[in-house]
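S.K.: Sequence:
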Amino acid sequence: MSNFFLSYEAEEDLQNIYNYSEEKWGEKQASKYIFDLDSSFRNLGQNPNLGRTRRDLAQGIRSIPQSSHIIFFTEWQGEVGIVRVLHSSRDFPAIFENYNPSNNNTD
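So our numbering is basically just the index in the sequence shown, starting at one, shifted up by 196.
Watch out, some of these pointers could steer you wrong.
[As the list claims (entries may be wrong)] Cβ pair distances, simulated, as ranges:
#1 Asn215 to Gly274: 28 to 36 Å
#2 Glu218 to Arg238: 16 to 24 Å
#3 Asp287 to Glu207: 36 to 44 Å
If you are wondering where the hints come from, they were derived from the structure by calculation, not from laboratory data.
Even for Gly, the Cβ is constructed at its ideal location relative to N, Cα and C.
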């Protein structure tokens, strides 16, 4: 397995992270942070067993920290699906309360 894709929610998370980072620290730092997240996504695509299982949130979800954010991911049709990218201070159980793995695709 060497591929990854972003869910709609993860795409929105990244846009929000970029916007906040750009406003707070400037365009250069925001771009670097997104680049670092993308590098983590690619690493997960190559190593989908990284991180820890998050049965407390939903079946099949794993997570791995990246700076002040947590990347939530799952395996989906032979790829790593990046489900969400959330700040570590967020209420993960509330966010994943209505999680539906069939919404992971980008079609």
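S.K.: Which of the listed hints are broken here?
M.R.: Violated hint: only 3; rest satisfied.
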